[in-house]
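Residue numbers (my numbering), protein chains in the order written: chain A, 1 to 182; chain B, 1 to 318; chain C, 1 to 442.
These are computed hints drawn from the structure, not numbers from a lab. Every residue gets a Cβ at the ideal spot worked out from N, C-alpha and C, and that includes glycine. All the given hints hold, so there is nothing to weed out.
Here are the simulated lysine-lysine pairs, DSS-like style, with alpha carbons at most 27 Å apart:
hint, chain 1, residue 1, chain 2, residue 2
1, B, Lys22, C, Lys320
2, C, Lys79, C, Lys134
3, B, Lys22, C, Lys311
Covered, in the sense of this in silico footprint (three residues per stretch, anywhere, with C-beta under 8 Å from a C-beta of chain A), are these stretches of chain C:
hint, region
4, 21-30
5, 52-65
6, 241-248
7, 253-263
8, 285-294
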Amino acid sequence: MLDTAMRKYVRWVDAFNYGLGRVIMFGIFVLMGILLISSINKTFFTPTLWTLEMAQFVMVGYYILGGPFAMQMGANVRMDLLYGELTPRKKAWTDSFTVLFLIAYLGVLLWGGIDSTIYSFQYGGERSPSAWRPYLWPIKTIMCAGIFLMLLQAISELFKDILFIRTGTPVRHQNEEQGDAL
Amino acid sequence: QEPIRWRFQTYAGAALGEQVTKPIIDYINANANGELEVELFYADQIVPTGELFQALQRGTIDGVHSDDDSMASPTPLRVFGGYFPFATKHILDVPVLFNQYGLADIWRDEYAKVGVQWLSAAGQDPCNFNTKKEITSVSDLDGLKLYTFPTAGRFLAQFGVVPVNIPYEDAEVAVQTGELDGMAWSGITEDYTVGWADVTDYFLTNNISGAWIGSFFVNQERWAELPEHLKSVVMAGIEAGHTYRNQWYWGGEARLRATGDKLELRSVPADEWMQVEEAAKTFWDEIAQEGEVHQKIVSIFREYNSVINQAGAPYTNG
Amino acid sequence: MPYELIALLMFSTMMVMLFTGQRVFGAIGFVAVMAAILLWGDRGGYDIGFSAAIKVMRWYPLLTLPMFIFMGYVLSESKIADDLYRMFHVWMGGLSGGLAIGTIGLMVLISAMNGLSVAGMAIGATIALPELLKRNYDKLMVTGVIQAGSSLGILVPPSVVLVLYAMIARQPVGQLWLAGALPGLMMAALFVLYIVIRCKITPSLGPTLSEEERAEITWAEKLRLLRAGLLPVVIFAVMMVPFVNGWTSLVESSAIGAIAAFVAAVLKRRMTWTVFETSVRQTLAITCMFMWIILAALAFGAVFDGLGAVKAIEDLFTEKWGLNPWIILILMQLSFLLMGTFLDDTAMLVIVAPLYVPLVGALGFDLVWYGVLYTITCQIAYMTPPFGYNLFLMRAMAPPEITIRDIYRSIIPFVGVMILALALVMIFPQIALWLPSQVYGN
Ligand code: NA
Ligand code: NA
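For reference, chain A alone in the conformation it holds in the complex:
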């Protein structure tokens, strides 16, 4: 019963974050495009006011919304001096506890983010201290959404470990290659 619920959770969260990440990964071209426009305008026409800040916003969206997918890929490095020697089962046991630290960190990050986002709606809307003066609530909302998804993904990793320990069904750790990312 509990297993089924966890499985459902894992399936939904992983599928959503996977799909989102597959879209977000193309954001690199949006970033290139903005910087290219900026270069062209600067070199041949009048420099644009909005490009640099817009590129910063896109970059934030890119790595925060893409974060959960990167976590699925096993991209976040670990110190595998001791951990690397463990059996998949022991890895799952260790992770089930240590992932709580990750969850706590993401929780506090989200707490600060929500506070800052609420602030960005107050006093007629917080605007960036630049000549372009964009409102900041859109990017802050995106950041909060991304951190929240990251939190869901971390919980999904926890569930996968619990399921693996309980049922022996390989969910991860078998196919996760260390150092795959670099």
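Once you have looked at the hints, place chains B and C with the ligands on chain A.
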């Protein structure tokens, strides 16, 4: 008894902060008899400057030295802090406007509404241009990429200036890489102090404002908790700091213009610069439309300006 | 509790947490935000984590990160650099140890086109390694050459490691990159010198190409391959000319470089869907890894800064123990080399960030120069067991005749050369600082 500890962040980087903020903190620490210990942090050290205000409101930091513009103040005062175009001629205009013309009351009230204790404002240097390209006429401003204050940038955009917004500490390098043509940020004292004089070649004697308006703020609860005698120590430290800065800037501006060897002086003829001053009047009108508080402050500026214009030199020499 | 003790506690907790094998960013971030809440919980300590995200957003040179990572993947996945290897092969093959020297040349060119060591490793291990082994080069020599050569990717500009360092140390990226250029070339020259001397003593380590093989290569072929050398020159020029002329910023140039590499791959008909998909996906993965770590590291740094811990440690070293700044620096570097054996560059960044950089600054050393020392130490860390990216990559990519033992042994002489380079840059800071002072001097 455990001392009260404050974390205080200034808008200034370490080199400038040494002159504009640190003397005050040192004074407070030396005179609080160990009952209050203020730790000073420079630009972006604990929180980024753009987040200064909310951090202060929440109490992540306890005190701030900044202009309203850079720290993205959520009050209508935001445009007036920093360099409001042509609002002042000299460094002493700022305390006069605050203490004799009523700006202090407006500032105190507006910040009380958003949960922050405003303590005191004072002037600093004028807003001149230091650039790699020579400026000798208003048309030279066209296409110039300048590091400047948000409101100053909005104002200067009509002359073709491209305001660039980057963290303070990165401005120097941005000039070296050609990303910036210079700054419209400070007087000559600051240019030499922070190292900008090393990377730019010219100093334009015309300014768009005669003195920077900046304030000291404290988290409301922290202030309320402070015993009266410590409040006096804090205020006395701030006043002493104002006096020190008045001299540091006033003397520095004169000495470095006269004898500094890193920046060559350039000027736009006064009658041509008049068009920039005229544009400021239109800008004032636009800002006054934005709200009641705006209107009130602009009318105070107008009143003060008419007084000094009648008084004549030295008040009118910018 | 005194601040020194809190600082010590934060560090030891972080180290313990890292050893549990949890994701590095989670371990660091947890210690940072928990310390902030315990210290200043009633006064908004919880938002230090998020305000680091705003700091990261506002620091525009970080935008170069995905660009150079993407460039590296396009180069290695699309194999557009194959001809580059052939070029060195035919031109250098006649010398004793020439193919190994040529491989160092290849690595320098690849390093000039991307900011990590991964592209160099991929190209070296998949193209150069089999060719050299086929020609009876000593397998230890070859394995070492590729691991050491590819690590130049983070020292020769552009460098992702130096971008991250720049964010932490608040130093200009442009100056840091220029500072890395000469030490990078010097290190490459030292590698070459080592190869030459070794092959002089034992020519069988790096045999010359056979007469028949050399006869097969026509001059027309030699000249045609020389054109391959144009590719990095073109990509580098497209990227650097607008930058040096001040038409574009560093960040914009990095985008132009990434686009140039992409277009080159398309024109050479190497941009298949698989290459494209892998490059795009891996760029996201690596960018996320770096960004989340820097996010956590900045929060950690802010808490540490807020404690005034660095001042306390500085006083301890200089006043209580009366140590000379140089002694402190050398001790720091030694401890850092030691840590580098079991930490990777990102975890080292976390130690460097709150502790070493402010301390080096407080002791009066140049932080641009220190950035180069830091990067060389990271290079060494990449190769030293038990933990090192280049070791892992070599393990994954090397043919079966190369054992783990071989890989571990192969790095010894090259790590020696790198330590020599590190010492040279320490003794003669001008090796690093001369170029930036020439370019940025008024
Ligand atoms: Na490189
Ligand atoms: Na290592």
